[in-house]
Structures are given as C-alpha cells and as structure tokens.
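K.L.:
Sequence order for the protein chains is A and B.
Per this note's numbering, the first sequence starts with residue 1, numbered consecutively.
Per this note's numbering, the second sequence starts with residue 1, numbered consecutively.
Bear in mind the hints are in silico, worked out from the structure with no lab data behind them.
Careful: at least some of the hints might be erroneous.
Remember, identical chains collapse to one label, so a pair may be satisfied in a single copy or spanning two.
Using 30 Å as the maximum straight-line C-alpha spacing, the simulated DSBU-like pairs for lysine-lysine come out as follows [stated by the list, open to error]:
1. Lys2 <-> Lys185
2. Lys62 <-> Lys190
3. Lys146 <-> Lys24
4. Lys163 <-> Lys185
5. Lys185 <-> Lys173
6. Lys179 <-> Lys59
7. Lys163 <-> Lys190
8. Lys159 <-> Lys185
9. Lys53 <-> Lys182
10. Lys185 <-> Lys59
11. Lys59 <-> Lys182
12. Lys59 <-> Lys3
Take a look at the letters that make up each chain.
Protein chains: 2
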Amino acid sequence: MKKRPLILITNDDGIYAPGIETLKNSLSELGEVIVIAPDIQRSAVSSALTIDKPLRVYKVNKNGEFFGFSVNGTPADCVKLAISTLLQRKPDLVVSGINHGKNTSINVLYSGTVAGATEGLIAGINSMAVSHSSHSFDLDLSYAGKITSRIAEKLINNKNENKVLLNVNIPNKPESDIKGIKFTKLSSSKWADKYERRLDPFGNEYFWFAGVYEITSSDPDTDDFAVDGGYVSVTPIRLNMYEENSSFVNNDFLELI
Amino acid sequence: MKKRPLILITNDDGIYAPGIETLKNSLSELGEVIVIAPDIQRSAVSSALTIDKPLRVYKVNKNGEFFGFSVNGTPADCVKLAISTLLQRKPDLVVSGINHGKNTSINVLYSGTVAGATEGLIAGINSMAVSHSSHSFDLDLSYAGKITSRIAEKLINNKNENKVLLNVNIPNKPESDIKGIKFTKLSSSKWADKYERRLDPFGNEYFWFAGVYEITSSDPDTDDFAVDGGYVSVTPIRLNMYEENSSFVNNDFLELI
Numbered sequence: 001m002k003k004r005p006l007i008l009i010t011n012d013d014g015i016y017a018p019g020i021e022t023l024k025n026s027l028s029e030l031g032e033v034i035v036i037a038p039d040i041q042r043s044a045v046s047s048a049l050t051i052d053k054p055l056r057v058y059k060v061n062k063n064g065e066f067f068g069f070s071v072n073g074t075p076a077d078c079v080k081l082a083i084s085t086l087l088q089r090k091p092d093l094v095v096s097g098i099n100h101g102k103n104t105s106i107n108v109l110y111s112g113t114v115a116g117a118t119e120g121l122i123a124g125i126n127s128m129a130v131s132h133s134s135h136s137f138d139l140d141l142s143y144a145g146k147i148t149s150r151i152a153e154k155l156i157n158n159k160n161e162n163k164v165l166l167n168v169n170i171p172n173k174p175e176s177d178i179k180g181i182k183f184t185k186l187s188s189s190k191w192a193d194k195y196e197r198r199l200d201p202f203g204n205e206y207f208w209f210a211g212v213y214e215i216t217s218s219d220p221d222t223d224d225f226a227v228d229g230g231y232v233s234v235t236p237i238r239l240n241m242y243e244e245n246s247s248f249v250n251n252d253f254l255e256l257i
Numbered sequence: 001m002k003k004r005p006l007i008l009i010t011n012d013d014g015i016y017a018p019g020i021e022t023l024k025n026s027l028s029e030l031g032e033v034i035v036i037a038p039d040i041q042r043s044a045v046s047s048a049l050t051i052d053k054p055l056r057v058y059k060v061n062k063n064g065e066f067f068g069f070s071v072n073g074t075p076a077d078c079v080k081l082a083i084s085t086l087l088q089r090k091p092d093l094v095v096s097g098i099n100h101g102k103n104t105s106i107n108v109l110y111s112g113t114v115a116g117a118t119e120g121l122i123a124g125i126n127s128m129a130v131s132h133s134s135h136s137f138d139l140d141l142s143y144a145g146k147i148t149s150r151i152a153e154k155l156i157n158n159k160n161e162n163k164v165l166l167n168v169n170i171p172n173k174p175e176s177d178i179k180g181i182k183f184t185k186l187s188s189s190k191w192a193d194k195y196e197r198r199l200d201p202f203g204n205e206y207f208w209f210a211g212v213y214e215i216t217s218s219d220p221d222t223d224d225f226a227v228d229g230g231y232v233s234v235t236p237i238r239l240n241m242y243e244e245n246s247s248f249v250n251n252d253f254l255e256l257i
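Build out the structure end to end from the sequences listed, making use of the hints.
P.N.:
Pasting the structure below:
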C-alpha cells in the first residue's frame with residue numbers, strides 16, 4: 001500500500017504559536033504531518049544554524065494531545081535535524097508557518113519562517129513558507145489554513161525534477177474580501193534602520209532596534225503590492241545568490257596579481 | 001579638503017579574532033577605518049537580527065591601543081547599528097572578515113561574514129566579504145590582507161550607480177603558490193547534514209551538528225574549484241532571492257480561489 005505523503009511542519013514563532021496549530025490542522029487532510037519547531041520565538045533568525053551548543057528535542061502536547069517536537073534551535077536547525085536524523089523517511093513536503101506577520105521583499109532574507117522552508121528545498125523537497133499579514137495571535141486563521149492546504153496539495157503533486165520553494169503571503173482580510181491569488185516577484189522595499197538609544201537603571205547606554213519597514217516600490221508585480229491589495233501572493237524563491245549581471249566583473253581584476 | 005574614504009569593518013568570528021586585525025591593518029592605507037564587530041564568535045548566524053534584546057556597544061583595545069567597538073549582536077546588527085546610528089557619515093565601503101574558513105557555495109546563505117557585507121549593499125554601499133580557506137587562528141594572513149586591500153581599492157573607486165557585493169575567498173597557500181584571481185559563480189555543493197546523538201551525564205539525549213561540506217560540483221567556473229585550485233575567488237552576490245525561472249508558475253493556480 002502506498003504510504004500517505006509525509007509533511008514536515010516548522011515555524012519561527014515557536015511551537016506554541018497559534019499559526020503552527022492552524023497549519024497542522026489544515027494539512028492533516030493531505031497526509032501524515034509531523035511538527036518539529038523551535039521551543040521559543042525565533043523571529044528574524046534568518047538561516048542561522050546552531051553549531052556552538054547541542055540541540056535538545058522534547059515532546060510537546062497541546063490540548064491534552066501530542067502535538068509535535070520542540071527543538072532549542074532555529075527553524076533551519078529543526079528542518080536539518082528532522083530530515084537527517086529524526087524522521088524515518090524523507091518528507092514529501094516541508095511547510096513553515098503560518099507566520100504571524102508578512103514576509104515580503106527583503107524580509108525573505110531575515111525571516112526564520114522562510115529559512116525553515118529553504119532547508120526543505122536544499123534537501124531536494126518541495127517547500128513553502130506561509131505568512132499572514134497580521135501579527136496578532138488572536139485571529140481567525142481558518143482561511144489562511146484553507147488556502148495553504150490547497151497550495152500544499154499542488155506542491156505534493158508537483159513531480160517536476162526541479163523542486164520549488166514558494167513564499168506565500170496572505171492578506172489580513174476576511175475570506176470574502178480576498179480578490180484572488182497571484183504569482184509575484186519580491187518587492188525592492190527595505191527597512192529604514194533605526195535604533196533607539198536608551199539608558200538602563202544604572203545609567204548605561206543600550207540600543208533597541210526600532211526600524212520601520214518602508215514600502216517604496218509600487219511595482220504591481222510584487223508581493224507587497226499583491227498582499228496589500230487583497231491577493232494571496234505566491235513568490236518562487238531561489239537558493240543561489242550569485243549575481244549573473246554584475247556590472248563589476250571586468251578584466252581590470254586580472255592585473256591585481 | 002576631501003575626506004578620506006570611510007571603511008566600516010566587521011566580521012563573524014568576533015572582534016578578538018586575528019582575521020579582523022589583519023583586515024584593519026591592511027585597509028588603513030586606503031582610508032579611515034572603523035571596526036564595529038560582534039563581541040564573540042558568531043559563525044553561521046546568517047542574516048539574523050537581534051530584536052528580542054537591546055544591543056550594548058563597548059570600546060575594545062588591542063595591544064594597548066583602541067581597536068574598535070564590540071556589539072553583543074550579529075554581524076548584520078553591527079552594520080545596521082553602525083550605519084544608522086553610530087557613524088557620523090555614510091561609509092564608502094563595508095568589508096567583513098577576514099573569516100577563518102572559506103565561505104563558498106551554499107555557505108553564503110549561512111555565513112555571518114557574508115551577512116555583514118550584505119547589510120552594506122542593502123544600505124547602498126559597495127561591500128565585500130573576505131574568507132580564508134584555513135580555520136587556523138595561527139596563520140600568516142599577510143597575503144590575504146594584501147589582496148583584500150587591492151580589491152577594496154577597486155571597490156572604493158567603483159562609481160557605478162549599481163553597488164556591488166563581492167564574496168572573496170582566499171586559498172590556504174603561500175603567496176608564491178597563488179595562481180591568480182578569478183571571477184566565479186557559486187558552486188552547487190552542499191552540506192551532508194548529520195547530527196551526533198549523545199547522552200549527557202544524566203542520561204538525557206542531545207544532538208550535535210556534525211555535518212560535512214561535500215564538494216559535489218566540478219564546474220571549473222565555480223568558487224570552490226577556483227579556491228581549491230589556488231586562485232583567489234571573487235563572486236558577485238545578489239540580494240534578491242526571486243526565482244525568475246520557476247517551473248511552477250502556471251495558470252493552474254488561478255483556479256485555487
């Protein structure tokens with residue numbers, strides 16, 4: 001008998017966040033799901049790996065039932081540890097999320113949510129990162145779960161040799177106001193970096209990151225434009241950061257040595 | 001009078017590593033250098049940002065003289081904090097390194113060294129990450145410093161509106177054995193992930209990352225091939241991780257909603 005698809009789930013808000021519960025529930029109809037996720041909030045950890053301390057794995061219950069495994073590491077750690085060591089077979093799909101807060105444009109670089117899914121693609125598995133535009137933990141995510149499940153099904157059925165990594169962002173709107181789904185590219189918008197200088201109770205200086213994400217691009221083909229306009233945004237992500245079109249590759253360099 | 005170029009230096013091995021000392025010494029001939037770097041070893045932190053605790057900045061002396069500022073954060077934190085808050089003017093160049101250990105192929109994704117330079121490019125500044133193939137802290141890095149300084153000079157003089165991020169890897173060979181310098185692309189080689197399962201003194205299980213970087217690509221145009229063959233490898237890096245050529249973008253998706 002053919003085994004049901006195995007779906008590995010992780011996130012960066014930590015195993016106790018509501019978004020990962022929605023994700024597990026909504027993907028359970030598609031196959032066998034297993035949750036291996038950070039024990040605590042790990043936002044903005046990017047593709048960081050834990051190499052200076054060992055990882056611990058613990059069973060976590062929710063609502064009196066086994067929910068998944070927590071790891072004292074990053075989303076990338078969770079997926080690497082799961083695929084290489086903890087799981088009995090290779091997953092058919094890796095899904096990271098549902099993140100509380102959207103991950104568009106340059107945020108793909110910083111996001112732990114995306115990094116978890118990136119490790120799926122590195123391991124040769126179709127993968128997706130899913131983020132919801134609201135940061136609230138008290139939100140009805142049922143529509144987000146539903147659309148995630150539909151895209152996940154497409155990914156499980158994707159038999160193309162070239163695996164894909166999709167970055168999905170879901171608008172913070174009721175289902176009736178969702179206008180559709182769009183393939184997008186990453187926006188060029190960035191953070192306006194700012195740090196607040198404060199003094200601790202002993203008069204010593206410290207700095208809090210207080211940057212603001214500024215949408216400076218109005219390109220209608222981009223993820224921000226789609227999500228903010230009420231569309232579910234789906235952006236294919238690549239691993240290779242080689243710049244093919246660098247203006248700087250020239251023969252001058254040959255004289256250097 | 002025209003000001004000397006301002007060069008911001010960071011790394012991921014921490015401000016006390018020898019590589020960053022070589023870097024500071026070798027770039028001092030090109031302009032005013034300022035070191036703002038992590039207080040401790042921060043390898044494999046990728047583009048992680050510290051958002052859950054404040055950052056502290058301390059003056060660090062070496063050999064009885066002021067050397068630079070330490071930050072209890074990642075390389076990306078250091079460069080963001082420096083450019084947005086600590087520095088009086090915008091740097092003309094950001095250089096991260098010299099890392100003890102090469103950063104080729106997929107390691108660009110994990111490397112804190114590269115992430116430090118990436119923040120330079122994000123801020124619109126020509127930037128470079130420099131890594132040496134040896135992990136040893138007891139090595140003569142004078143050649144590495146020399147070639148870094150030459151490439152840095154080219155970058156300072158690059159007046160192109162499109163700024164560049166260069167990932168430089170230097171072979172672990174004496175200067176007389178260096179064959180030249182090559183522009184390369186990133187190799188497709190990856191890590192064979194592995195975790196060692198151990199028991200602590202109380203009999204509780206833990207996992208150590210014990211992955212091995214496996215060179216599976218023999219493409220002569222790649223960074224690994226160049227460095228291992230005795231060439232200094234220079235790879236232009238892009239920020240945008242959008243996959244233009246995804247096999248998966250198709251109209252089926254339009255039916256989803």
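K.L.:
Evaluate each hint against the coordinates.
P.N.:
Against the structure, the hints come out as follows:
no., hint, verdict
1, Lys2 <-> Lys185, "neither (37 Å within a copy, 41 Å between copies)"
2, Lys62 <-> Lys190, "neither (37 Å within a copy, 36 Å between copies)"
3, Lys146 <-> Lys24, "within (11 Å within a copy, 54 Å between copies)"
4, Lys163 <-> Lys185, "both (18 Å within a copy, 21 Å between copies)"
5, Lys185 <-> Lys173, "within (21 Å within a copy, 42 Å between copies)"
6, Lys179 <-> Lys59, "neither (40 Å within a copy, 54 Å between copies)"
7, Lys163 <-> Lys190, "both (28 Å within a copy, 16 Å between copies)"
8, Lys159 <-> Lys185, "both (23 Å within a copy, 28 Å between copies)"
9, Lys53 <-> Lys182, "neither (42 Å within a copy, 37 Å between copies)"
10, Lys185 <-> Lys59, "neither (38 Å within a copy, 42 Å between copies)"
11, Lys59 <-> Lys182, "neither (38 Å within a copy, 50 Å between copies)"
12, Lys59 <-> Lys3, "within (24 Å within a copy, 59 Å between copies)"
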